[in-house]
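Chains as they are written, first to last, in the working numbering: chain A, 1 to 114; chain B, 115 to 227.
No lab work stands behind these hints, which were simulated from the structure alone.
Since the model is a prediction, treat every value here as computed from it, not as a measurement.
Incorrect hints may appear among the rest.
Claimed, not checked - Partial list, derived from the structure: chain A residues whose beta carbon lies under 8 Å from chain B: (1) Q42; (2) L44; (3) L46; (4) K49; (5) F90; (6) V94; (7) T98; (8) G99; (9) Q101; (10) F102; (11) F104.
Just so you know, even glycine gets a beta-carbon here, dropped at the ideal spot from N, CA and C.
Residue-level listing of the chains:
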Amino acid sequence: AQSVTQLGSHVSVSEGALVLLRCNYSSSVPPYLFWYVQYPNQGLQLLLKYTSAATLVKGINGFEAEFKKSETSFHLTKPSAHMSDAAEYFCAVVTKNTGNQFYFGTGTSLTVIP
Amino acid sequence: KAGVTQTPRYLIKTRGQQVTLSCSPISGHRSVSWYQQTPGQGLQFLFEYFSETQRNKGNFPGRFSGRQFSNSRSEMNVSTLELGDSALYLCASSPGQGEYGYTFGSGTRLTVV
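Using the sequences and the accompanying hints, generate a full structural model.
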């Protein structure tokens, strides 16, 4: 079975500081991994995805994530936080075994302090 | 290219009623999935349709059902509504395989009173 764990349901950073949101996955087969962002009363927007090409993946809005198989991790980072980054972030995994069923983490709420 | 469109955006229903939610996927996307999002349970998979066939189903009671039409538009229906069905229902479309990722709609906020 596949699963995703997001450590830290709430993360606060100062504007301009490094953003680090943690995601660990569990999968017995090669995974495809995704990060989504959700703003209030909105759907989920794809930030970036790992699909077995480069392990360092760059996404929109300056975010990037690194796939580390040995650590079963896919942490999301951004060098300098902006006020507009305040939102809920979800990590998700899907594999060929699960078809199109994504398994989402419980989400991390990011607060940016001015 | 138009995104995923969900209608209506907001809905208030009474316990015991039924409701139908609609989703129009991105043109050319043949897979449509539905998720329920609540503060307590997070994002939970309801079902996925591909070319009018239900390909996968989550762990929800039979009151939750869906269908997909030949133009890939999808509807989900919830019968005999319960207070606990209050949630944001998200529809997402994909070209077909999981590795492409989903494009989500803005959701339908259902409130059951």
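Quiz item: Does L44(A) meet its interface restraint, that is, does its C-beta lie within less than 8 Å of any C-beta in chain B?
Solution: holds (4 Å)
Self-check item: When the least beta-carbon distance from F102(A) to chain B is tested against 8 Å, hint result
Solution: holds (7 Å)
Exercise. Under 8 Å, Cβ to Cβ, is where L46(A) needs to be relative to chain B, so tell me if that hint holds or is violated.
Key: Hint holds; L46(A) Cβ to chain B Cβ min 5 Å, cut 8 Å.
Quiz item: Does the CB of F104(A) sit less than 8 Å away from some CB of chain B?
Solution: Since chain B brings a Cβ to about 4 Å from F104(A), closer than 8 Å, the hint holds.
Practice problem: Could you check if F90(A) really has its C-beta closer than 8 Å to a C-beta on chain B? | Solution: Hint on F90(A): holds, closest Cβ of chain B at ~7 Å, below 8 Å.
Quiz prompt | Interface hint outcome for K49(A) [beta carbon to chain B under 8 Å] | solution = holds (5 Å)
Exercise. Hold the hint about Q101(A) up to the distance rule: shortest CB distance to chain B must be less than 8 Å.
Key: It holds, given that the least Cβ distance between Q101(A) and chain B is near 5 Å, below 8 Å.
Quiz item: Given Q42(A) as an interface hint, is the shortest Cβ-Cβ distance to chain B below 8 Å?
Solution: At 6 Å from the nearest chain B Cβ, Q42(A) passes the 8 Å test, so the hint holds.
Practice problem: Closer than 8 Å between Cβ atoms is the bar; does V94(A) clear it against chain B? Give me holds or violated. | Solution: holds (4 Å)
Quiz prompt | When the least beta-carbon distance from G99(A) to chain B is tested against 8 Å, hint result | solution = With Cβ-Cβ at 5 Å, under 8 Å, it holds.
Self-check item: Residue hint T98(A), partner chain B, criterion CB-CB below 8 Å
Solution: holds (7 Å)
In the structure shown, no violation is registered for any of the earlier numbered hints.
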